[in-house]
Each structure stands twice: as structure tokens, then as C-alpha cells.
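The lines below spell out each chain.
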Amino acid sequence: MLQQALALITRDIVLARKQGGGLGTAFGFILSVMVLIPLATGPDQILLSKLAPGMMWLALLLSVLLTADRMFQQDFEDGSLDIMAMGKLPFEIVTLAKTIAHWITVSLPLAIITPPLGLLMSLDISQLPILIVSMITGSLALSLLAAIGGAVTAGLRRGGLLVSLLVLPLYVPVLIFGVAASTASLGPSSSTPALIVLCAITLMSLIISPWACAAALKAYLR
Amino acid sequence: MDFSAAHVSYVIAAYSISAVCVIGLFLYVLLRDRALAAKLKQNAEKDTL
Amino acid sequence: MQQFANPARFLKIANAALPYIWSITAILFAIGLYGALVTTPPDYQQGETVRIMYVHVPAAWLGLFIYCLMGFFSAVAFIYRHPLADAAAKTAAPLGAVFCFLALVTGSFWGKPMWGTWWAWGDARLTSMFILLLFYLGYMAVWSSIDEPTRAAAIARIVALVGVVNVFVVKFSVNWWNTLHQPASVIKMGGPSIDKSMLWALLTMAVAYTMLFLALHLVSMRSEIAARKLRQARLIEIGNR
Amino acid sequence: MPSSLPTSLRLKAENLSCERGGRLVFKDLSFELAAGELAALRGPNGAGKSSLLRLLAGLNTSISGRLNLEGGEADTTLAEQSHYIGHSEANKPALTVRENLVFWQKFLGGGENLKSLSAFNLEALADDQALLLSAGQKRRLALTRLAVAHRPVWLLDEPTVGLDAASLVILQNHIRDHLKNGGMVIAATHAELGLKSAVNIQLGKAA
Numbered sequence: 001m002l003q004q005a006l007a008l009i010t011r012d013i014v015l016a017r018k019q020g021g022g023l024g025t026a027f028g029f030i031l032s033v034m035v036l037i038p039l040a041t042g043p044d045q046i047l048l049s050k051l052a053p054g055m056m057w058l059a060l061l062l063s064v065l066l067t068a069d070r071m072f073q074q075d076f077e078d079g080s081l082d083i084m085a086m087g088k089l090p091f092e093i094v095t096l097a098k099t100i101a102h103w104i105t106v107s108l109p110l111a112i113i114t115p116p117l118g119l120l121m122s123l124d125i126s127q128l129p130i131l132i133v134s135m136i137t138g139s140l141a142l143s144l145l146a147a148i149g150g151a152v153t154a155g156l157r158r159g160g161l162l163v164s165l166l167v168l169p170l171y172v173p174v175l176i177f178g179v180a181a182s183t184a185s186l187g188p189s190s191s192t193p194a195l196i197v198l199c200a201i202t203l204m205s206l207i208i209s210p211w212a213c214a215a216a217l218k219a220y221l222r
Numbered sequence: 001m002d003f004s005a006a007h008v009s010y011v012i013a014a015y016s017i018s019a020v021c022v023i024g025l026f027l028y029v030l031l032r033d034r035a036l037a038a039k040l041k042q043n044a045e046k047d048t049l
Numbered sequence: 001m002q003q004f005a006n007p008a009r010f011l012k013i014a015n016a017a018l019p020y021i022w023s024i025t026a027i028l029f030a031i032g033l034y035g036a037l038v039t040t041p042p043d044y045q046q047g048e049t050v051r052i053m054y055v056h057v058p059a060a061w062l063g064l065f066i067y068c069l070m071g072f073f074s075a076v077a078f079i080y081r082h083p084l085a086d087a088a089a090k091t092a093a094p095l096g097a098v099f100c101f102l103a104l105v106t107g108s109f110w111g112k113p114m115w116g117t118w119w120a121w122g123d124a125r126l127t128s129m130f131i132l133l134l135f136y137l138g139y140m141a142v143w144s145s146i147d148e149p150t151r152a153a154a155i156a157r158i159v160a161l162v163g164v165v166n167v168f169v170v171k172f173s174v175n176w177w178n179t180l181h182q183p184a185s186v187i188k189m190g191g192p193s194i195d196k197s198m199l200w201a202l203l204t205m206a207v208a209y210t211m212l213f214l215a216l217h218l219v220s221m222r223s224e225i226a227a228r229k230l231r232q233a234r235l236i237e238i239g240n241r
Numbered sequence: 001m002p003s004s005l006p007t008s009l010r011l012k013a014e015n016l017s018c019e020r021g022g023r024l025v026f027k028d029l030s031f032e033l034a035a036g037e038l039a040a041l042r043g044p045n046g047a048g049k050s051s052l053l054r055l056l057a058g059l060n061t062s063i064s065g066r067l068n069l070e071g072g073e074a075d076t077t078l079a080e081q082s083h084y085i086g087h088s089e090a091n092k093p094a095l096t097v098r099e100n101l102v103f104w105q106k107f108l109g110g111g112e113n114l115k116s117l118s119a120f121n122l123e124a125l126a127d128d129q130a131l132l133l134s135a136g137q138k139r140r141l142a143l144t145r146l147a148v149a150h151r152p153v154w155l156l157d158e159p160t161v162g163l164d165a166a167s168l169v170i171l172q173n174h175i176r177d178h179l180k181n182g183g184m185v186i187a188a189t190h191a192e193l194g195l196k197s198a199v200n201i202q203l204g205k206a207a
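Residue numbers (this note's numbering), protein chains in the order written: chain S, 1 to 222; chain L, 1 to 49; chain Y, 1 to 241; chain P, 1 to 207.
Read the hints as simulated data drawn from the structure, not as lab findings.
Careful: at least some of the hints might be erroneous.
Here are the simulated DSSO-like pairs of lysine-lysine, each with C-alpha atoms no more than 27 angstroms apart in a straight line [what the hints assert, rightly or not]:
#1 P:K196 / S:K88
#2 Y:K229 / P:K27
#3 P:K12 / P:K27
#4 L:K39 / Y:K12
#5 S:K218 / P:K180
#6 P:K12 / P:K138
#7 P:K205 / P:K180
#8 Y:K12 / Y:K112
#9 S:K50 / P:K205
#10 P:K27 / S:K18
#11 Y:K171 / Y:K229
#12 P:K205 / S:K88
#13 L:K41 / Y:K196
#14 Y:K12 / Y:K196
#15 Y:K12 / S:K50
#16 P:K138 / P:K27
#17 P:K196 / P:K180
#18 S:K88 / S:K218
#19 P:K180 / P:K12
#20 P:K196 / S:K218
Cβ-Cβ distance ranges computed for the label pairs, FRET-style [unchecked claim]:
#21 Y:Y80 / L:D2: 53 to 59 angstroms
#22 L:L27 / Y:Y20: 18 to 24 angstroms
#23 P:R23 / Y:Y80: 46 to 52 angstroms
#24 Y:W119 / L:L27: 53 to 59 angstroms
#25 S:L120 / L:D2: 20 to 26 angstroms
#26 Y:H82 / L:E45: 47 to 53 angstroms
#27 L:A35 / Y:I24: 24 to 30 angstroms
#28 S:D78 / L:A35: 40 to 46 angstroms
#29 L:A35 / Y:N6: 52 to 58 angstroms
#30 L:I23 / S:A200: 41 to 47 angstroms
#31 P:D177 / S:M204: 16 to 22 angstroms
#32 S:V35 / Y:W119: 55 to 61 angstroms
#33 Y:L11 / P:K180: 57 to 63 angstroms
#34 S:L206 / P:D177: 55 to 61 angstroms
We put the CB at the ideal spot given by N, CA and C, even for glycine.
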């Protein structure tokens with residue numbers, strides 16, 4: 001069982017590496033956002049450093065969302081999902097494996113690259129470690145929730161708009177607790193309670209996402 | 001209800017927007033139902049001809 | 001939609017009950033509005049603006065209640081494959097969205113005098129009500145962007161179930177976010193507790209709104225069933241052409 | 001084909017009916033298939049051949065009737081014991097032929113060493129990207145999935161499309177061997193498969 005799931009994850013990782021996949025576009029998106037924000041708000045350092053964690057979380061969240069509608073579309077269109085739905089491996093594990101592959105190839109690298117970019121927005125170094133930790137935890141939730149959007153629109157040609165309308169409300173808790181966890185020194189309370197709730201949200205998404213994706217994709221396979 | 005009190009315009013605005021929405025919803029739902037019922041009846045008659 | 005659970009039984013009950021429901025709704029609205037606008041006293045702090053509460057609170061409560069109802073119908077449809085439950089969820093969504101929108105508008109009218117701004121981020125309930133509206137729009141968008149009804153129903157069910165869970169997570173996190181950024185001294189909407197003299201009017205209005213929803217929902221269900229029969233007839237026509 | 005199959009395998013379908021896009025595609029379809037038999041599925045386009053195959057593959061649910069496979073492995077569904085080769089070839093263009101097959105072999109539990117390359121003699125193309133393959137070669141890559149892992153039931157949706165004469169013969173041999181070993185094949189074809197079909201399922205008006 002596990003061996004089949006690992007086979008799927010490794011194939012998706014190899015595929016993402018060969019096809020370039022979402023990481024390139026997502027990283028380009030984050031870079032442009034990081035440059036545009038100071039231009040928009042003006043070079044005032046204090047304001048920028050206050051805004052930095054929030055803006056970086058928003059950039060991460062939106063860039064993961066960008067890759068959401070392509071997560072299942074390719075496998076759906078070329079018929080691979082038909083075969084995967086038939087196998088002994090429960091379909092929920094198949095969707096979870098694909099989501100983890102998306103997390104490893106897109107959300108995780110972004111969660112690691114984004115914090116250092118915070119220096120562009122005069123983020124003080126002391127916040128960097130906590131920012132990376134919270135982003136890594138949050139990035140799994142982002143992938144899991146994006147997967148739901150991707151699965152629900154897998155069979156639609158123009159599903160892009162629908163994905164953002166469906167997934168952004170789901171991202172609200174991740175954004176709130178992600179930013180709260182990363183603004184350790186500024187906020188009144190220390191960041192650990194927020195980090196714990198962020199982990200709770202990630203675990204909750206870990207339970208909801210495979211079920212929702214499997215059910216939605218099965219509806220399209222019919 | 002004292003109409004000269006402060007901010008009374010907000011109260012009127014709130015009630016009127018509520019009235020507009022409720023009545024609008026009421027009309028939309030009723031008209032759609034009537035139109036569909038009519039089409040259904042007309043369809044039924046067409047079949048029995 | 002094939003062996004469409006016989007709607008006849010549902011239609012019989014609905015058609016029988018509807019006149020009574022409409023009349024009860026009318027009576028309750030009459031009493032409630034009279035109470036809200038005339039007999040209940042103005043608030044010692046807010047003055048007349050407290051009367052907005054009688055249209056805001058029922059709409060806000062109904063906005064959330066209908067979304068939970070959609071979650072319930074979707075769960076029934078998911079477990080029992082009952083097409084009528086899908087129709088119930090589908091027709092409830094627009095009604096819920098209107099009440100949710102209404103709650104937002106009346107809420108900002110109510111907040112304006114107190115905070116001086118049209119959109120009070122300060123109040124966590126308005127913010128989570130706004131996000132609830134997004135959940136409604138997302139659900140309705142699923143129905144409109146998938147043309148084949150059985151598939152649209154299957155996807156909408158999942159969106160509603162995932163939505164219902166997340167609406168409460170959003171409410172929790174927005175409240176938490178509110179306490180984080182907002183010193184606790186903000187005046188709570190509608191005062192610490194609604195005193196007795198206003199309570200009965202508020203409850204009457206709440207029941208009136210709910211009966212209104214019930215009536216509108218039954219009528220919308222009736223038209224949804226009619227629409228499906230028409231669609232089915234057209235398909236058969238195409239089939240044997 | 002490696003191990004011989006339990007010859008008591010029997011697929012029973014009783015008044016199946018299937019709906020697609022709100023329309024009834026076929027109604028009260030019954031047939032029986034024993035081990036070692038080929039079922040030819042015929043009918044005009046849109047008569048529901050693919051719907052029936054997808055129904056057998058567990059991707060689609062029938063509105064009425066019953067379908068079960070007797071004698072197969074204990075508590076495994078029909079879908080888990082069947083290969084399904086549909087119109088879309090389920091190959092990744094960015095991956096090479098070998099990578100595609102290695103993945104399917106691992107996923108469908110077909111053991112370690114890659115022996116399936118020779119099934120439709122794709123050895124020469126092993127390291128080319130599937131992108132560069134011709135339509136016929138892509139078809140052969142899809143059909144090679146039959147050899148990647150062992151499944152008693154084969155569900156083939158117009159397998160002969162795009163195949164040249166030589167590959168057609170190879171396909172026929174594979175099917176003949178599979179049947180000799182007690183397997184079952186249900187194939188939807190327009191062109192004659194050139195094999196005696198024990199059961200003929202006619203869907204929709206006779207063409």
C-alpha cells in the first residue's frame with residue numbers, strides 16, 4: 001500500500017522537475033509581489049517591517065493558489081485517474097499522495113525561499129526563524145486546501161476563477177494564525193499559541209482534504 | 001419611534017433596504033414558480049394532444 | 001435524477017402547508033414590526049439606532065442557520081443519495097445569500113453611528129459574516145459552472161460539507177484575530193445584553209424571518225422540481241428524435 | 001501470463017441500466033461470462049459501450065441491476081481485478097516509456113523487474129520521451145499496461161484503434177494467451193478482433 005503511494009509521489013516529483021511545474025511560476029509571482037509592495041506603500045521602513053510578515057504570507061498563499069487548478073487536471077484528462085481510482089489503493093490515499101507531491105514540489109520550497117525575501121521589506125532578522133517554521137507548517141495546509149479547489153474544478157475548462165472563490169475563504173484561518181505565529185515579538189502574546197492552532201488547522205485539513213478530493217474527483221470520473 | 005432623534009436616517013435606511021430585499025426575493029421566487037408551473041402545464045397539455 | 005424520489009408526496013405537503021405558512025409569516029411580521037418600531041423603547045445609549053437590531057440580528061442568524069441547513073441537506077444527499085435533498089440545498093443557497101447580504105448592510109448601518117466608518121473591521125461578527133457570503137457565492141458558483149445536473153449535485157454536496165466545517169473555523173479564527181488586534185474595550189454590538197422589553201420583539205422578528213425563509217424555500221423547491229421535470233422531458237424528446 | 005487462474009471465474013450481470021448526462025444510455029442489460037471467454041461489445045457510437053466498460057471498471061454506478069464476479073480473489077472488487085484500457089492512454093508525455101511503465105508496474109503491484117517492455121516490443125523506444133511517440137506507439141504503450149501486472153479481467157475500449165497490422169497480431173496473441181490461462185476479456189470494437197467471441201453484447205440499435 002505505502003509502496004504504491006510512494007511510487008505515485010516520486011513520479012509526480014520527477015514529473016514536476018521535468019515539466020518545470022508550478023514552482024517556477026509561483027516563485028516568479030512571489031518575487032514580483034515582494035518588489036511591488038514597497039513600491040506601493042512607499043519606502044517608509046517602519047511601515048514596511050510591520051507589513052512584512054502579513055504581505056509575505058499573502059504572497060505565499062496566493063502563489064500556492066495559482067497552481068491549485070492544475071493539480072489534478074493533467075491526470076484527469078490523460079486518463080491516469082481512471083486507473084488510479086480502480087486500484088486496491090484507496091482513492092483518498094491517491095489524492096493525498098498527489099497533494100503531498102504538490103506540497104514537496106511547490107509549497108515547501110516557497111515556504112523556505114520566501115522568508116529571506118523579507119529582508120527586502122526590512123524584516124528584522126530575529127523574526128526570520130519563527131517565520132520559516134510557521135510558513136512550513138502553514139504551507140502543508142495551503143496545499144491540502146488548494147487540492148480541494150483543484151479537485152472540485154478538475155473537470156471544468158475555465159475553473160481558475162472558481163478555485164479562488166472556493167479556496168480563499170478556506171485560507172482565512174491559515175492566514176490569520178500564520179501571520180499571528182510569525183509576528184512573535186510584535187504581538188502581545190508570544191507566538192507559540194498561534195503556532196499550535198496553525199498546526200491544528202493543518203491537521204484538520206489533512207483529514208478533510210483527501211476525503212473531499214476523492215469524492216469530488218469520483219464525481220468527475222463518472 | 002421618535003423621528004427627530006439622531007441618526008434616525010440609518011434606521012430608515014436599514015428598514016428600507018431590508019424591505020426592498022425581502023420583497024424583491026419574494027417577487028423573484030413567486031414569479032419564477034408561476035412561470036415554471038405554466039410551462040409545465042403547457043408541456044403536459046402538448047403531450048396529451 | 002433517474003428514479004427521481006417521488007416529489008409528489010413532498011409537493012402535496014408543501015402545497016397544503018404553504019397558505020398557512022404565508023399567513024403566519026404575515027401575522028408575525030405585523031406584530032414584530034409594530035413591536036420593533038413602536039412599542040419597544042429606544043436604547044439609553046444608542047437611542048433610536050438600536051431599532052436596526054430587529055432587522056439585523058434575524059438576518060444574521062438566518063444567514064448562518066441556512067448555511068448549516070445546506071450542510072445538513074448535503075449530508076443527507078451524500079449518505080442517502082436523495083435527489084430531493086440536493087434540490088433543497090441548491091434552492092436554499094440564494095435565500096441564505098440574500099439574508100447574509102442583508103445582515104451585512106444593516107450591520108454596517110448600525111455600526112456607522114458608533115464607529116463613524118461604513119465598514120467596521122472592529123466587529124468580528126461582521127467580518128465572519130462577509131466571509132460566509134463568500135462561502136455562499138462559492139457554492140452557488142459551483143451549480144452555475146457545472147452544466148450536468150447529477151455531477152453538479154455531487155460536487156456541490158462536497159463544497160457545502162467542507163464549507164460548513166470551515167465556516168465555524170473561520171468564525172473562531174476571526175474572533176481570535178479580533179481580540180488580538182482590538183483592545184477588549186470595544187462596545188459589543190447591541191449592548192452587553194438585550195433587556196427584556198426589547199427581547200419579545202426581536203424573537204417575533206426572528207421567527208417571522210424564519211417562516212419567511214421556510215415559505216420561500218418551499219416555493220423555490222417546487223419550481224426546482226418543475227424545472228427538472230421540464231429538463232427531463234426535453235432530454236427524452238431529444239433521446240427519441 | 002504467469003500463474004494459471006482459478007477456472008471457476010464467472011462474471012454475472014443482471015439487468016444493468018446506466019444513465020449519463022441525465023439520459024438513460026442502456027436498460028436491463030444481462031450477460032454472463034465464464035473464465036477463458038471473450039465478450040465482444042458492439043453498438044453504434046453513443047450506445048453506451050464506454051459507459052458499460054466504465055461501469056465494470058467501477059468508475060460508474062448502475063442505476064439498477066446487479067453485477068458480481070464469482071470465484072475471484074477473496075474480498076476484492078471487480079475493479080481491483082481488472083485492467084481498463086480506455087480511449088485516453090494514461091501516459092505522461094514528459095516521462096520516457098520506461099519511466100511510465102515502471103510507475104504503472106509499481107502502482108499496479110506488478111513486481112520489480114521491468115519485463116513488460118517486450119510485450120508490444122517497445123524495447124527500442126524505452127528511453128524516448130512519450131511525447132515523441134506516434135499515435136500507434138502511444139497506443140502500444142497503453143496496451144503494454146496489460147502486461148505490467150496480472151489482472152484476470154481485461155476491459156478494452158476499442159483497443160485496435162491506431163494499431164498497425166503487426167501490433168494487431170500481437171494484441172490477438174496476448175488476448176488468446178490470456179483467455180487460455182482462464183482470464184476474461186470484454187472488448188468494445190468496431191473492427192473485427194479476428195477472434196471467436198463467446199458472448200456478443202449488442203447495445204443500442206444494431207448497426
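Checking against the hints above, which ones are violated?
Hints 1, 5, 6, 7, 8, 9, 10, 11, 12, 13, 14, 15, 16, 20, 23, 24, 25, 26, 29, 31, 32, 34 are the ones this structure does not satisfy, whereas the remaining hints hold.
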